[in-house]
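Enquirer: Sequence:
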Amino acid sequence: MINRLLCPLKTGFGDTHKLLNFDRSALALDAAIGGHGVAIAPTYMVESDLRSKKLVEFWVDPNPSGNGIYISWSKEHLGQTRITRIVDWIAFEFE
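Counting in UniProt numbering, the sequence shown tops out at residue 95, every number present.
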């Protein structure tokens with residue numbers, strides 16, 4: 001996984017944390033609220049945290065097309081059969 005600071009945000013936190021991965025959105029959101037990075041979650045999960053200013057929405061797609069999805073994985077896994085099978089399965093589900 002490529003880990004780099006894309007832009008300095010005025011959060012008061014520096015780029016000092018290692019990459020964190022969670023298998024539950026709630027854990028990722030708790031980490032983001034605690035200043036440990038960025039979480040990606042559906043709006044319905046963070047509405048109250050946005051209203052209370054615990055979280056800040058820093059990127060919104062103003063015109064989501066609904067015509068596609070993006071799938072990403074680390075360079076180290078490129079070409080691995082198990083990754084290809086998972087990507088093919090996800091793509092099939094969205095056809």
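There may be inaccurate statements among the hints.
[Claimed, not checked] Ranges of calculated distance between the beta carbons of each label pair, as one might list FRET restraints: (1) I69 - A31: 19 to 29 Å; (2) L78 - E57: 27 to 37 Å; (3) S52 - F94: 25 to 35 Å.
[What the hints assert, rightly or not] The calculated lysine to any residue pairs, modelled on SDA-like cross-linking and capped at a C-alpha distance of 25 Å, are: (4) K54 - G37; (5) K53 - A41; (6) K75 - A41; (7) K75 - F94; (8) K75 - R85; (9) K53 - L78; (10) K54 - I86; (11) K75 - G37; (12) K54 - W89; (13) K54 - L78; (14) K75 - I90; (15) K53 - V38; (16) K75 - W89; (17) K53 - P42; (18) K54 - S74; (19) K53 - I86; (20) K75 - A91; (21) K53 - A91; (22) K53 - F94; (23) K54 - W73; (24) K75 - L55; (25) K53 - K75; (26) K75 - A28; (27) K75 - A39; (28) K75 - I86; (29) K54 - A91; (30) K54 - R85; (31) K53 - F92; (32) K54 - K75; (33) K75 - S25; (34) K53 - A39; (35) K54 - A39; (36) K53 - I71; (37) K54 - R24.
Derived from the structure by calculation, the hints contain no laboratory data. Since this is a predicted model, take the numbers as computed values, not measurements. Just so it is clear, CB atoms sit at the ideal spot from N, CA and C, and this is done for glycine as well.
Enquirer: Determine for every hint whether it applies to the structure shown.
Expert: Here is how each hint holds up against the structure:
1. I69 - A31: 19 to 29 Å: Distance hint for I69, A31 holds at roughly 24 Å.
2. L78 - E57: 27 to 37 Å: 31 Å, holds
3. S52 - F94: 25 to 35 Å: Holds: the Cβ-Cβ distance is about 34 Å, inside 25 to 35 Å.
4. K54 - G37: 13 Å, holds
5. K53 - A41: 16 Å, holds
6. K75 - A41: Status holds; Cα separation ~24 Å.
7. K75 - F94: 24 Å, holds
8. K75 - R85: At roughly 16 Å apart (the allowed maximum being 25 Å), R85 and K75 satisfy the hint.
9. K53 - L78: Cα-Cα ~38 Å, so violated.
10. K54 - I86: 34 Å, violated
11. K75 - G37: Answer holds: K75 to G37 is near 22 Å, not above 25 Å.
12. K54 - W89: Cα-Cα ~36 Å, so violated.
13. K54 - L78: Judged against 25 Å, a Cα distance of about 36 Å means the pair is violated.
14. K75 - I90: 19 Å, holds
15. K53 - V38: Distance ~14 Å between K53 and V38 Cα, so the pair holds.
16. K75 - W89: 20 Å, holds
17. K53 - P42: 16 Å, holds
18. K54 - S74: Violated, at roughly 30 Å.
19. K53 - I86: 37 Å, violated
20. K75 - A91: 19 Å, holds
21. K53 - A91: Violated. K53 to A91 sits at ~36 Å, over the 25 Å cutoff.
22. K53 - F94: Since the Cα atoms of K53 and F94 sit roughly 34 Å apart, the hinted pair is violated (cutoff 25 Å).
23. K54 - W73: 29 Å, violated
24. K75 - L55: 30 Å, violated
25. K53 - K75: 35 Å, violated
26. K75 - A28: It holds: about 23 Å lies between the C-alpha atoms, which stays within 25 Å.
27. K75 - A39: 22 Å, holds
28. K75 - I86: Satisfied, since the Cα-Cα distance of roughly 16 Å is no more than 25 Å.
29. K54 - A91: 34 Å, violated
30. K54 - R85: 38 Å, violated
31. K53 - F92: Roughly 38 Å between the alpha carbons, so the hint for K53 and F92 is violated.
32. K54 - K75: This hinted pair is violated, its Cα atoms lying about 33 Å apart.
33. K75 - S25: 24 Å, holds
34. K53 - A39: Holds, at roughly 15 Å.
35. K54 - A39: Distance ~12 Å between K54 and A39 Cα, so the pair holds.
36. K53 - I71: 30 Å, violated
37. K54 - R24: With Cα atoms ~19 Å apart, K54 and R24 stay inside 25 Å; holds.
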